[in-house]
Amino acid sequence: MALTFYTNPQSRGRIVRWMLEEIGEPYDTVVLDYATTMKGDAYRAINPMMKVPAIVHDGRVVTEVAAICAYLAETFPSAGLAPTADERAGYYRWLFFAAGPLEAAVTNKSMGFTPNTDQQRMAGYGNFELTAGVLADAVERHPYIAGDRFTAADVCVGSGVGWYTQFGLLEKTPAFTAYLERLHARPAFQRAAALDDAAIAAGN
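Just so we're aligned, residue 1 is where the sequence shown starts under UniProt numbering, counting upward by one.
Hints are computed from structural coordinates only; laboratory data are not their basis.
Heads up, some of the hints might be wrong.
Unchecked claim - Under the rule of at most 25 Å between Cα atoms (straight-line distance), these lysine to aspartate or glutamate pairs were calculated in the DMTMM-like manner: (1) Lys109 / Glu64; (2) Lys51 / Glu103; (3) Lys109 / Glu129; (4) Lys51 / Glu87.
Note that the structure is a prediction, hence the values are computed from the model and not measured.
Generate the whole structure from the sequences, applying the supplied hints.
Given below as structure tokens:
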């Protein structure tokens, strides 16, 4: 089955690269430039949003990081990254928490927007402090976000924690630090980071 990965090494594509390395299946990589090929007709036919990452698997297009990670986990079950019955509730809860409330809260904070009391009722994340606290509590409960085992949800949540703490958008608490140490020790994470770092060094 053909699997093509569209990305830029300085984008959320790094998350999907990690996921692809975790599943261990062969894939082709197409690196896009923000100013040109990402806006071109060929890629717009794949993702009209003109954003990366995206994958095309046997002619089927999947965009959005959380959707791609969930799709790959379910499509390649031998990798063991989809949830068990006991993990399913936490898996989906935190996978979509990372894609929804967490990213919205961090994006707004980074842009200098703080919702007032009325706006907090409208915003799905309420306020940044609440969102960050809920995530910190979740990470402290178990070694991994859905329980005692690494799943695809950790690729999304862990990537968010890694980026946001690196840039000072999320406090680097002991719980977050310990969580990231577990994730960053994974060979697939290290392979993915090396591939993307090499692409950056090569000017891609």
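Does Lys109 pair with Glu64 here, judged by a C-alpha cut-off of 25 Å? Between Lys109 and Glu64 the Cα gap is close to 21 Å, so the pair holds against 25 Å.
Hinted pair, alpha-carbon criterion (25 Å max): Lys51, Glu87. Please report holds or violated. Between Lys51 and Glu87 the Cα gap is close to 31 Å, so the pair fails against 25 Å, i.e. violated.
With the threshold set at 25 Å, check whether the alpha-carbon distance from Lys109 to Glu129 stays at or below it. holds (10 Å)
Does the alpha-carbon distance linking Lys51 and Glu103 stay inside the 25 Å limit? Roughly 16 Å separates the two Cα atoms, so the pair holds.
Taken one by one, the earlier hints fail for this structure only at number 4.
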